[in-house]
Each structure stands twice: as C-alpha cells, then as structure tokens.
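2 protein chains.
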Amino acid sequence: MSVDLDGLLDGARRGRARDVARLISLVEDDAPQAAALLRQCAGHVGHARVVGITGPPGAGKSTTTTAMVARLRDAGRRVAVLAVDPSSPYSGGALLGDRIRMQELATDPRVYIRSMAARGHLGGLAATTSQVIRVLDAVGFDDVLIETVGVGQSEIEIAGVSDTTVVLLAPGMGDGIQAAKAGILEIADILVVNKADREGADQTVRDLRAMLALGARTDAAWVPPVVSTVAVEGAGIVDVLAAVDQHGTWLADSGEGERRLLRRTSDEITAMALSLARSRMASASLEALVQKVLAGELDPHEAASRLLDEV
Amino acid sequence: MSVDLDGLLDGARRGRARDVARLISLVEDDAPQAAALLRQCAGHVGHARVVGITGPPGAGKSTTTTAMVARLRDAGRRVAVLAVDPSSPYSGGALLGDRIRMQELATDPRVYIRSMAARGHLGGLAATTSQVIRVLDAVGFDDVLIETVGVGQSEIEIAGVSDTTVVLLAPGMGDGIQAAKAGILEIADILVVNKADREGADQTVRDLRAMLALGARTDAAWVPPVVSTVAVEGAGIVDVLAAVDQHGTWLADSGEGERRLLRRTSDEITAMALSLARSRMASASLEALVQKVLAGELDPHEAASRLLDEV
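Chains as they are written, first to last, in this note's numbering: chain G, 1 to 311; chain W, 1 to 311.
Please note: incorrect hints may appear among the correct ones.
Claimed, not checked - Straight-line Cα separation of at most 25 Å, SDA-like style, residue types lysine to any residue; simulated pairs:
#, chain 1, residue 1, chain 2, residue 2
1, W, Lys292, G, Leu262
2, G, Lys292, W, Gly140
3, G, Lys292, W, Gly46
4, G, Lys292, W, Ala35
5, G, Lys292, G, Ser305
As the list claims (entries may be wrong) - Covered by chain W, according to a simulated footprint, are these stretches of chain G (three or more residues, beta-carbon under 8 Å):
#, stretch
6, 254-265
7, 273-280
8, 299-307
It is worth saying that the hints were derived from the structure and are not from the lab.
From the three backbone atoms N, C-alpha and C, an ideal C-beta is built for every residue, glycine too.
Just chain G, same shape as in the assembly (with noise of 0.2 Å):
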C-alpha cells in the first residue's frame, strides 16, 4: 500500500484527526513507513509538553483527564491524550458519562484521543508510545496526556517518557503508607486527592505531605505537591494544571528536563532495541531449546545464550 507521506503529516498538522490516526497506525504497527515518518519528524520535536497520568483504578483518572482536556482546549492548546489501558472510556468498558464527555471531547479538532493496548508490546510499549509522542508532537500538539491504569512496571515506563508525573490516589483507596508501598510517591511530580469531597480526603492529603517531608525524595529539589480535586465537578482542574506549569518552569530552569530528554532518547534506543531482539527472538530456534531445557541437557543459562547468539 502506497502511503502519501507528505500528504498525511500536512492533514495531521492541520487538526485532521484521520490523518492522525493512520500516521500513529504507521509506527504502532512498525509499518515499512514508520522509520521514514519518523525520519521526516525528527526536525520538528521538542515542542510538545508530555503530561503522564496514572493512579490505581478507581482514582478517577478517565474523569480527571476528561477535565484536564476541556481546560487546555479552551486555552486554546492542541491535546492529544494516549489512553493506555484497553478498557478506559475510549474503547469502551468504562462508565457512560465519562465516554459521552470524552466523545463531546474528540469532535473537536484541536483534541485527538487515542486508546493504545496495555499489553502485547511485550516490554516495547515505551518504545512504542515515544514514537507515537514524537509525531504527535511534529504535527504540533501543544500537549500530550497519557493516561495509564496502576503503577506496575508498564507504568513506571510510561512515567519514563512524560515531562510531568501526575499520581492520582483517592481516599479510602490507599493513605500513604500504601501509596509508598506501591512506589508512588518516587515516580509522582504532582500528587492528585482526587474525590476530596470524601471523608478521610484530608487525612490522605496531611499522610502524603507528612511521607514527602519525611524525605521520600530530599535528594530532589522539586518536592511534589498534593492538590485536591473533585474531578468529576471540575474542582481543582485548575489547580493540578497550574502545578503542571510550574514543574515545567522548574524543569527548564534546574536543567532536569534535558536530563530527563537524555535520559528519555537513551531508554526509548534500548527499549526499541530490546523489542527488535525479541521480535527476533519469536522466530529462532525457541522450542528447541525450550525441549533442552526441559529435559536437562541444557540449562537456561546456555540456552539464553545460544538464542541472543542466533538473533
């Protein structure tokens, strides 16, 4: 199939959501074009602001992000928001309201919503949704939100490629003591009380301001902040993204953003790498060694390395 290269970024740039999606379709399934689209991009990035949002379920993220999007639009800002979760209000397995704000949400053209599978990348997801942010930010999005469930590994990989950490939590889900036992509070710029209208709200917020100043992170000079919010009436939206504004201001100024930008590309090679060798992998001579391995004549050691050797 013959792909006008050209023609696609042009409609891209210009709010074409179609244009969009089959540009983002190109890289996620690693289409022959993808490393020319990629190419032709690389002269234009380093413009979009990279906003990563996660939280356990429940916290109310799909409402949050919602919100978020109304806001930034109606500043005027381009928004793309990266669902990764297959079951968030984008592709369907979430409540209605929030698909029926979110659909109002993607008539507009100057907001793109896409949903992304949380699994099957099988440790490419980081790979993958860097490369969806770099063309996302060529055609010009003034603002990426990925919105991710948990904070398991996958997640922690996604907090690697955002600018801007915000961690959701809601009380009764999880007080502090929890929330360091999830490892939250070392991937969380922005901490989000999200449902502060409910009891024990406060004491969530006092736990988290109480573990932050007990040094979770005194190493660091930007100690995240805890802002309220009850999404689901837009209570605190604006709050959350003042706070977005000034970890970027703090970013720039500390040098931490190039660090992260640094940190980011050489994450972003190696995942990429990681993904060709697996993918690689898939076809070698697996079974085989699997059958070796099983019947004790090899040990997964040498049977590791035979297959990198193969690859």
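Starting from the known structure of chain G, fit chain W onto it as the hints suggest.
Relative to the frame of chain G, chain W by itself:
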C-alpha cells in the same frame, strides 16, 4: 571466592536457611557459579508447586500469605516465600503484627522467606524468579509462594511463572468493574475477597461472580472460584488452599499444567536472553547514538538497529 556447591545443596536439602540463602544469592547476583548451580538443579526439578499471590496494596496479601504458610507448614510441607515487594513485612515497611508473625514462621526450618527487589532487574525479574524457583524446587521445597504487589506488568510476568495465581481483593478497594479494568480477571486462577467481614464484601463477591459468568474466560475450562476470607483471623484460608489443590488437579488432568510449563520455560529463556542483551547494551556506545538522535541526524529506529548489531 570458592563456593562448595555440593555442600550448600546438601545443607539446603536438610533445611539450613543459610545455605538456601547463599544458593539464591548466587542466582540473584548472577555469580560465576550460577550456571553450574542451575546445571546441578536441572535433574531435580518439577516437584514444587508455585503459587502466585497478588492484588492491590492494602488487600491483605502479607497477612494472607502468612496464614497460608502457617497452615501448609502444619500440614508437614516445606514452604518457601518469595516476596517481590520492597516494602513487604520481610524487609520492613509494613505493619508490626505481620512482621512478628512472619518472623515466628521464619525460625522454622521447614519455612524459608526471602524478599526480592521489584526494581532494578529491568526486565530480568521473571528470569531471576524462575531460576530461584528452580533452586528451591531442587532442594526439596513443596510449595513456593510468590507474593507481589499490584497488577502491573511485572506482576503479570510473575503470574506467568506460577502454577496457580491467587488474586486478592478487599471490599471498597475495587468492585468487579475496577477489577476487570486492572486486568485482574485475566490472570486470576482463584479470586479471594479478603476482609470479608467488611461492609460491601458480599456485593464484591457477587460482582466478581457475575463478571466471571459473563464470560471473561469462557474459552477456558477452569472458572476461577471466588473465596471469602478474613485473613487476619485465619478465616477461609483452608478454602483458599483447597481451591489451590483443586486447581492443581485440573492443571494435571487437562494438560494445561504441561502447556504452562512449556510456555514458562520459553518465557524464562527469552527473558534471560533479553536481560543478557540489555546488560551488553549498557556498555555499548549508547550515548553517541542518543546525541545523534537528538541532533536529528539519526532516527531512533536506525539507532536501535545499530545498537543491537553491536551487542
């Protein structure tokens, strides 16, 4: 340092915790003797039952694991616990009561407890865990319980090394919809609603059963049972263990156990090969590639391909 592998293996078989610990450290540290150790284990594996225990923070995983260990030990079985969670009671950070109960168990020669860092292995966690399980299996443990936090990528990897995966929920932390969102229903062989004396527990059980009946896993012959527990009082633990037994029988009878073994070994070899690739990449000329990508001279695809060629 010279290591008396035969002596350590003999001591470990006779229940000396120090010798078990030293063998595991060889594997975890990727010591020169690790390959020889795994070769010696090769003929002695296939006996141990591996049970993964996962769920969101606060569901009561540590308490449930402790209660399961106590019962299995009382039934005369040798039990090992691998806690893939830096803040589990075994390494500090959790509630005092948990830690005391666990320490009492840890002095029993038939019980071995080890915490493993969830981070830092960078994709190699599943590989390391698989090898540690091999060692524990070879020195005669009947049960290996793997406790992990959350349900993110690394937890799904850990579910991949278990014969049976137990997912713990607590009422109010996540109803059926949230569980489905987090991908919990897909990895669970057994669902446990802990803290079943709390309000909303019955509803959570009903929600989960309804979602399972709706066909989240209609293609599978095994329908995950939903078991209620109050782990802190030991209530329902016997039902969880009975469900694990039943699942074990099903694994053997259906051939699914054999299929999982093949898949697991294949994943283990692939993960080790990728881990090897990654460690070689760390010492490759990554920084020069990063600079070229940032300067727009090289697209990330090409950089990744060059990096892989180098290792």
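For the stretch 254-265 of chain G, count the residues whose Cβ lies under 8 Å from any Cβ of chain W; is that count three or more?
holds (count 3)
Can you tell me if the stretch 273-280 of chain G counts as covered by chain W, using C-beta to C-beta distances under 8 Å and a minimum of three residues?
holds (count 6)
Just to be careful, I want the Cα atoms of lysine 292 of chain G and glycine 140 of chain W compared with a cutoff of 25 Å; is the pair within it?
With a Cα-Cα distance of about 23 Å, the restraint between lysine 292 of chain G and glycine 140 of chain W holds, given a limit of 25 Å.
Need the status of pair lysine 292 of chain G, alanine 35 of chain W: alpha-carbon distance at most 25 Å?
15 Å, holds
Please work out if lysine 292 of chain G and serine 305 of chain G have their alpha carbons no farther apart than 25 Å.
14 Å, holds
Holds or violated: lysine 292 of chain G and glycine 46 of chain W, Cα atoms, limit 25 Å.
Judged against 25 Å, a Cα distance of about 15 Å means the pair holds.
Please work out if lysine 292 of chain W and leucine 262 of chain G have their alpha carbons no farther apart than 25 Å.
11 Å, holds
Would you say the stretch 299-307 of chain G counts as covered by chain W, given the rule of at least 3 residues with C-beta under 8 Å?
Answer holds; 8 residues pass the 8 Å Cβ test.
In this structure, none of the earlier numbered hints is contradicted; all agree with it.
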